[in-house]
Amino acid sequence: MRLAPDPVLATVAAPVDPCAASTVELAADLLATMRASLGCVGLAAPQVGVAARVFCLDVTGHRKARSCAGPVVVVNPQLLLAEDPEQAREGCLSVPDLTGDVLRARRVVLRGAVPGSGAPVELVADAFEARAVLHELDHLDGKLFLDRVAGAHSVFTRKRYL
Amino acid sequence: MTPLAVTVLGVDRPGIVAAVTGVLDQLGGNLEDSASSILRGQFAMTLIVSAPVDAEQVRARLAPVAEALDLTLAVRPVPPVTSHPGTGSSFVLSVHGADKPGIVAAVAGLLADRRGNITSLSTRVAGELYVLVAEVELPAGVAMADLTAALDRLAAELGVRASLHAADADLI
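As they're listed, the protein sequences go chains A and B.
The opening position of the first sequence corresponds to residue 1 in the numbering used here, with each subsequent residue numbered one higher.
The opening position of the second sequence corresponds to residue 1001 in the numbering used here, with each subsequent residue numbered one higher.
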């Protein structure tokens, strides 16, 4: 797992061929890493050191989730809609010691490709899943939640129970 | 009544706010705005209080409390309206990267050169990561593209990342 201030987290990631073997391998790696990380609901390729436009997501069982697509990997995602902003506190595995209050859309529509087949996929998400989508999309643009916090007193030291 | 600004700094412990505001209450003071923070166990508080007594009297009555709780204390009169004339627009500036001396001074210098006013500042060190978040009021008509480019250049020199976004209040 790459942690800030690793430069790869501040890099705009490049589109990749969804059918390439390396993309399929990356997708599997993202899912496995997400599964292995306690409380992790999404992971973008830059977080594992690859500046590629790929992320995975799984909000299954999360108390703030409403829509839930289950485990998904999206290649070259494009945001088609983001509406109804709401402020909430979020954290990031790549910034393990801090959290922040960030305004994000509560409803999003996303289009991308499935790794392997390259088939188009559309994801309609709301509530926590929408927030997770936008957080992961930011990673692909080299942005962290720190770049979006509401104000100077909106960054907090994370309480760690481990 | 001239409002007074009371500032207090000391090692955090239970009872500081109670002791200080208790004295102000006994003096017939009325608390207006206040803010506090704790950084590395240091508690800092600023209180704006209107009271029927002057700064010297407040200082004298607070002295025993400051002594007992080992607080650094200051009391000074403030003009009734000291708020900055908010002519500009508000922005949130985030800077993050590897910790090194001089990040705040360099960023603040760049903003000051353009008559940007930092209205709120917070920085955090989390391991190797340094995070600065500032709320900045920029004068009306400031060249945003120019400022963003200058910030990017400075960030590249410092080896950090800087981003600026408008602090829009969403009306509901």
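None of these hints come from the bench; they were simulated from the model.
Do not take every clue at face value.
Okay, the calculated bits of chain B under chain A, using three or more residues with CB under 8 angstroms as the criterion [as the list claims (entries may be wrong)]:
hint	region
1	1003-1017
2	1053-1066
3	1090-1099
4	1129-1136
Think of the CB as a built atom: it goes at the ideal place given N, C-alpha and C, for glycine as much as any other residue.
Comparing the hints with the structure gives:
Here the region 1003-1017 of chain B counts 0 residues with a CB under 8 angstroms from a CB of chain A, which misses the bar of 3, and the coverage is violated. Residues of the region 1053-1066 of chain B with a Cβ under 8 angstroms from some Cβ of chain A number 0, which does not satisfy the need for three, so the listed coverage is violated. With a cut-off of 8 angstroms between beta carbons, the region 1090-1099 of chain B has 5 residues touching chain A; three or more are needed, and the interface restraint holds. By the rule of at least three residues with a Cβ nearer than 8 angstroms to a Cβ of chain A, the coverage given for the region 1129-1136 of chain B holds, with 6 such residues.
This entry does not satisfy hints 1, 2, going by the numbered hints stated previously.
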